[in-house]
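A.B. asks: Chain by chain, the residues run as shown.
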Amino acid sequence: MGYKVLIGLEMHCEISNTKTKVFSSARNGYSEKANTNVRPVDMAFPGTLPVVNKEAVRLALMASMILNCTQPEYLYFERKNYYYPDLPKGFQITQETKPAPIGSFGYLDYEVNGEMKRVRINNLHLEEDAASSDHYSSGSRINYNRAGVPLLELVTEPDFRSADEAVAFLETMRSIYQYADISEADSKKGQVRCDVNVSIMEDNLDEEDPKNWGTKIEIKNVNSFGGVRDAINYEIQRQIDLKEDGKYDEMPQQTRRWDEDSGTTIYMRSKVDAIDYKYFVEPNIPKFKISKEWLSDIRKSIPRLAHERKEEYMNKYEVSEYDANILVKEKAVAEFFEKTISLGANPKSASNWITTNLLGQLNKLELTIDEAKLTPEHLAELIKMVEDKEISSQQAKGVFTESLETGKSPHDIASEKGLKQITDEGEIVKVANEVLDEHPDVIEQYKNGKTNMVNYLVGQVMKKTGGKANPSLARDVMAKEIEKR
Amino acid sequence: MSYMDKTIEDLHEALVKGEVTSKELIKESLEKSHKVQDECNAFVTIMDDAKDVPVTDELLSGIPYGIKDNYSTKGILSTGSSNTLKDYVPFFTATAIENLSKKGAVPVNKTVLDEFGMGGTGTTGHTGVVTNPWDHTRMCAGSSAGSAAAVAAGVYPYATGSDTGDSIRKPAAYCGIVGYKPTYGMISRYGLFPFASSLDHCGALTRSVKDAAIVVDGMKGIDKYDMTSWDSSNIHLYDSIDGKVKEKRLCYIKELCDINMYPNADDELKAHLENFMRTIEKCRELGMEVTEESVDSTLLNAIPSTYVVISCAEATSNMSNLTGFIFGPRADGDKWEKKKKNYRTKGFSPLIKRRFVIGSYVLQSQNKDRYFHNAQRVRRLIVDKWKELFKKYDAVILPVGTGPAKKLEGSKDALDKNTAVLEDHLQIGNFGGFPSITIPNGFVSNLPVGVNITGNCFDDINVLNIAYALESSMEYKNQIAREVK
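First to last, the protein sequences are chains A and B. Under the working numbering, the very last position in the first sequence is 472; numbers go up by exactly one each time. Under the working numbering, the very last position in the second sequence is 593; numbers go up by exactly one each time.
Derived, one-sided and incomplete: chain A residues facing chain B with beta-carbon distance under 10 Å:
(1) Met30
(2) Gly34
(3) Arg66
(4) Asn68
(5) Tyr69
(6) Pro72
(7) Phe78
(8) Ile129
(9) Asp263
(10) Tyr264
(11) Val268
(12) Pro270
(13) Ile272
(14) Pro273
Read the hints as simulated data drawn from the structure, not as lab findings. Glycine included, every Cβ here is placed at the ideal spot set by N, Cα and C.
In isolation and in its complexed conformation, chain A is listed as follows (with noise of 0.2 Å):
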């Protein structure tokens, strides 16, 4: 028998762009040093009161809009009550549903396979992050520069139907995320953190009746994108040999937890047993009236995403659809591209670097782009360079590997190198005749008939000129010197 999977996710993304955290005046910075970016209301001193980050909130705000959910009229908070060593307060300031978070009801279209799809989002809230912790075998280690940090909450709809479709999605999103400078949306400083639900159903079912649902079970903490693909690919297999086994019926709604070493989820606790989180709103903040004005200033303040982006690099500067897409995967190298060309480079000859030379290079050196020597002004110099015959293509790659290496302008290193092009006819003209003076017989065959010898007359005009001469010119010259003769 065969079986359909429902997936549905919860992401939550750090809001890293705000110059401070979401109900304190702490530094909002990945940092360095333990316990730096703290305020006593990070750590729940008695008499501490949040106060909203406004810029916090207009970042969730856009998301929101972004993923095509509706705004609430009034802003609140809310408390989640519950013990935990890295929740100083004893709850966690957030938004449940009733009153409404900062975004409900929304959707996303995402490319999975060269085929769009749409999943649809139950709803967005603003919330913040609790400390970290570090477990030793001695005890543990608190951090509270992660207290308080915002976190946008982004649940979707059971709507994903293969761990590729989860992912695309996630990839999508940690994608507008940067685009929108709302985050740098980086798992590798735990900024990305997705709890993922998993159920099977028989195929034969109607998957748009929840009654034929199967039993939801959700896996907590999965902290990579692979962690997601691998952990959901595991659970669906685990359900699906359950089933088989005739002992799918016994297994309760439950929380499971990713365990990366083993690669395998781990039982934590029975839907029976879930925590009751005491939701209330939180007294401290007042609510907020958030005008239709400020909705319509952020809606107009929305960057230029990916997908956006793309079309343009496609229908306006003719790059083909595959290289589009590596320009736009990472937004700094689409910065680095619009830089490039903003600086009257080609578009077309921008692209061709960038993704053939730059992209690889840079991932053989282990650097991002923002880590390159190379800037776009380098890029647009080199471009025009070669367009303007100034140094050959092929002389070009050694010019860009090196200011790729050390960051000196292409100009420069050309001169240094003495490498550029001899592109004055006259002088050209000058050392075509000293060629023919020095080969009469070479003359001779050609008179009689041999013209290919024309060639080697080249050859002896490159040699002179120690390869400057711009090759096409040096040519042509050749060509007419020799018929005056």
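With chain A held as given, fit chain B onto it using these hints.
C.D. replies: Using the frame of chain A, we list chain B on its own:
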């Protein structure tokens, strides 16, 4: 010659004229502190090293005062009268106290309260029972018990208080002094140990209405650390007191004030209500119009339970930061959960634990709508009813409690069904965030009793003016406790 029994205005004049120095006032206040500590057990800390400050144009400059021990004070023990914080020395000062310091006010002691403000007897602080300076066999009421006892005993002209249900206004009445909590948000709560955030108010205990206005002028102001605070820089309470109350309209509530409502009334209640009616006559003599209003008893009878549900729910969440890890004495235990449990079990008094249980119960998902949400609905109905009254009247005037201070011996914190609403109606002022002041209005059984005036939000000046006019027509202004036994 003693000074600490004088009003702030008189003390300021004496300081400016050079009759006395700030240093001498502090010395006298500290001496009286030690005396009152022996008699009433009113203080957690006496600051024997308090330093004098230069006398300026500010009325409060150079004058000693007391701070309720649930205000965070940098470098000074701040316990909330709880074993859970018995050694806690904060590294930041509450905004209201900072504001007083800017005016040159000199704190000389920290006063005892019911543990974290959660009590109405002054008997549950970790340093023991506070006794009433008029009669040491009686209570001061609470929770601002130490502040009320000290001001009444003439330790200084004022002390700060906090008021979640009646914690300033009830002790003021029992001690024969003035207790004023202004409109919610006029004084920042930053640095006040929270009990129930939506009901908590800062305020002052003094011996005259003008002094109350001076002190709150000194404490108030918008604060970037408290989002519920508002800008009152155009409100000058002290300067606005002119005593003009002709044609002001007051009302009292028949269901609370009519002796016929209490078939089992004892002599003290009878005398108290008769005395109240004499005060009403005084109001009329002053040219005010006083009307008897009727309010549905069902609504009035819901006040105490509404208060219990909301305040306990918020309290259990607010005090979840008390785990003994970041601050407070860390308890023993092999695991984190065990340490936390031991700290809370040993640290909190049984009364508080009972309230935490109630708070958790009413927030549990299966109970939340029935209790917590219904309590919020009733709170809204009560506030709407009072707002309706404020459309017709400048203020509501009501007796405080059922008579004078209760005996310590044999008193229970449990509610007497018949008189519960009369004991607890001051909570309406907290439900609505209304400005509310209690002043002494006579004696029952040779002990002081009080009357309360409550007005609409932001109408503090009106409330103070009515209280001032009434105070001026009676002989209890600036009275010092005379021991009756």
